[in-house]
Amino acid sequence: LVHGGVDVLQCDVALSGGITGARRLAGLTDLHNRWWSPHTWTNGIGLLFNLHAALALSACPYVEVPFDPPGWSPDRRDWLLPAPLFPGEDGLIRPPDGPGLGIPTDLAWLEPNRLG
1 LVHGGVDVLQ CDVALSGGIT GARRLAGLTD LHNRWWSPHT WTNGIGLLFN LHAALALSAC
61 PYVEVPFDPP GWSPDRRDWL LPAPLFPGED GLIRPPDGPG LGIPTDLAWL EPNRLG
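Numbering (the working numbering), first residue to last: 1 to 116.
What the hints contain is simulated information worked out from the structure, not anything from laboratory work.
Some clues are possibly wrong.
[Unchecked claim] Taking CB as the label site, the calculated pair distances span: (1) G116 / G21: 22 to 28 Å; (2) P104 / I19: 29 to 35 Å; (3) R34 / P66: 19 to 25 Å; (4) G116 / G4: 43 to 49 Å; (5) D75 / L28: 33 to 39 Å; (6) W79 / G5: 34 to 40 Å; (7) P70 / V8: 37 to 43 Å; (8) D90 / G27: 39 to 45 Å.
Don't be surprised by glycine CBs; every beta carbon is placed ideally from N, CA and C.
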């Protein structure tokens, strides 16, 4: 970044120190007039972390998300979510508007599946 060797810094928020780590990276790219653009190849919750970070942390031009049905589809990626996140007619995926990440927590599922 300092020497201009990077134009776009891409990371997965879920794998790069969480929201705090993403905030640091986005700040560095802003400081050096570069793009910070997260991408995710994880699951629906990872996608939500990246979408929310992109909307909150920087002038992010886009979030890269794989879409290659049938192997990589919203239904397969978002199995942890109450409903899959599909792109709208404009090609954009909008995050849910509920509190936090925008999705309810299924406490009945969590209890029998907890670790420790």
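Right, here's what the structure says about each hint:
1. G116 / G21: 22 to 28 Å: holds (25 Å)
2. P104 / I19: 29 to 35 Å: violated (20 Å)
3. R34 / P66: 19 to 25 Å: holds (23 Å)
4. G116 / G4: 43 to 49 Å: holds (47 Å)
5. D75 / L28: 33 to 39 Å: holds (36 Å)
6. W79 / G5: 34 to 40 Å: Holds, since W79 and G5 (Cβ atoms, about 38 Å apart) stay within the stated range.
7. P70 / V8: 37 to 43 Å: Violated, since P70 and V8 (Cβ atoms, about 29 Å apart) do not stay within the stated range.
8. D90 / G27: 39 to 45 Å: Violated: the Cβ-Cβ distance is about 29 Å, outside 39 to 45 Å.
The earlier numbered hints that this structure contradicts are 2, 7, 8.
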